[in-house]
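Asks: So the protein sequences, as listed, match chains P and E.
Each residue of the first sequence is one higher than the one before, starting from 1 at the first, in the working numbering.
Each residue of the second sequence is one higher than the one before, starting from 1001 at the first, in the working numbering.
If you're looking for bench data, these hints aren't it; they were derived computationally from the structure.
Ideal Cβ placement from N, Cα and C applies to all residues, glycine included.
Careful: at least some of the hints might be erroneous.
Okay, the calculated bits of chain P under chain E, using three or more residues with CB under 8 Å as the criterion [to be verified]:
#1 28-37
#2 44-51
#3 78-89
#4 121-127
One side only, chain E facing chain P, incomplete, derived with CB under 10 Å [stated by the list, open to error]:
#5 Ala-1042
#6 Arg-1046
#7 Ala-1064
#8 Gln-1067
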Amino acid sequence: MDIDPRGPRFAAAVTTVVLALVLLTGSWPLLAAQALVFALSAANLRWSPYGWLYRTLAVPRLGPPAELEPSAPPRFAQGVGFAFAAIGVVGYLAGATALGTTATALALAAAFLNAAFGLCLGCELYLWIRRIVPPRTTTAPIND
Amino acid sequence: MTGLVVLLAVLTGATIAGLLWRRRDGRIRAVAADGGDILDPALLARLGVDAAAAPVTMVHFSSAFCQPCRVTRRVIGEVAALLPAVRHVEVDAESHLDDVRALRIMRTPTVLVIDRSGRVVKRASGAPRKADVVAAVAPLLVAA
């Protein structure tokens, strides 16, 4: 499935704000909510609340995108975000604040890099893994 | 308080990293003062490149699930449409792994700028900007 590449960047910007608030407040429920958003997006980008915001608020004001992007790498990146957020929640709940803060900080760094520079670290990881472990089925065509 | 410190540290570090990345990504650099190696004609043939057919051939190595590759495809396509002396060849990296390794191509997209004699004059890793592509091929068009 192909998507508007500006959507994930918009979502990354919202994620950056949310994770910054988590760092400032140490609020594990807020981090858990973000973890839920990550999980939903990883499963299906259409289920992302931030994606919904993007489609509702931004798309009517923007023109169409110059090109589309495949959805698999951003979904994988959301999965990586979920892993960090989940670890962070566990850390905060277990009283290991340093773990909670570190996991949140790493997720924030990735979200910020995506939002500000368009650099999706999770996407790069996905491509790297594909290079090491090529899929057993036929590879996607060059126009994917 | 710790949260604020961590937040500022993360944002500062990520900004520096992002700026460094943005400088390097998509930058078209000359291969060497007098140009790079003249590529083996058999290798060029395997990639579907006929160097002698045009003053400049831009060989774009791409792969599936690669969003910057789509940007690169569009940018180079637009330049090739603008400048008839520039040819655009796209190569699926995954189908030419040996040649990709021989050319020291580490990631996609990678673009090689090849002159009439099959010499690699410039290369870029990451999606190049349209203005940079035009600037990179212009001297070759004059010299050809």
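Asks: Are the hints correct? Go through all of them and say.
Replies: Here's how the hints hold up against the structure:
1. Check on the stretch 28-37 of chain P: 0 of its residues sit with their Cβ under 8 Å from a Cβ of chain E, so the three-residue criterion for coverage is violated.
2. Requiring three or more residues with a Cβ within less than 8 Å of a Cβ of chain E, the coverage given for the stretch 44-51 of chain P is violated, as only 0 such residues are present.
3. Counting residues of the stretch 78-89 of chain P whose CB falls under 8 Å from any CB of chain E gives 0; the rule of at least 3 is not met.
4. Figure legend: the stretch 121-127 of chain P, annotated as covered by chain E; annotation consistent (3 residues with Cβ-Cβ distances under 8 Å, at least 3 required).
5. Interface restraint check: Ala-1042 (chain E) against chain P, minimum CB-CB distance 22 Å, threshold 10 Å, status violated.
6. Interface hint status for Arg-1046 (chain E): violated, as the beta-carbon distance to the closest one in chain P is roughly 16 Å, over 10 Å.
7. Given the 10 Å rule on beta carbons, the hint for Ala-1064 (chain E) holds: about 4 Å separates it from the nearest Cβ of chain P.
8. For the restraint placing Gln-1067 (chain E) at the interface with chain P, the shortest Cβ-Cβ distance is roughly 4 Å, inside the 10 Å limit, so the hint holds.
In summary, the structure is inconsistent with hints 1, 2, 3, 5, 6 from the numbered list given earlier, while agreeing with the others.
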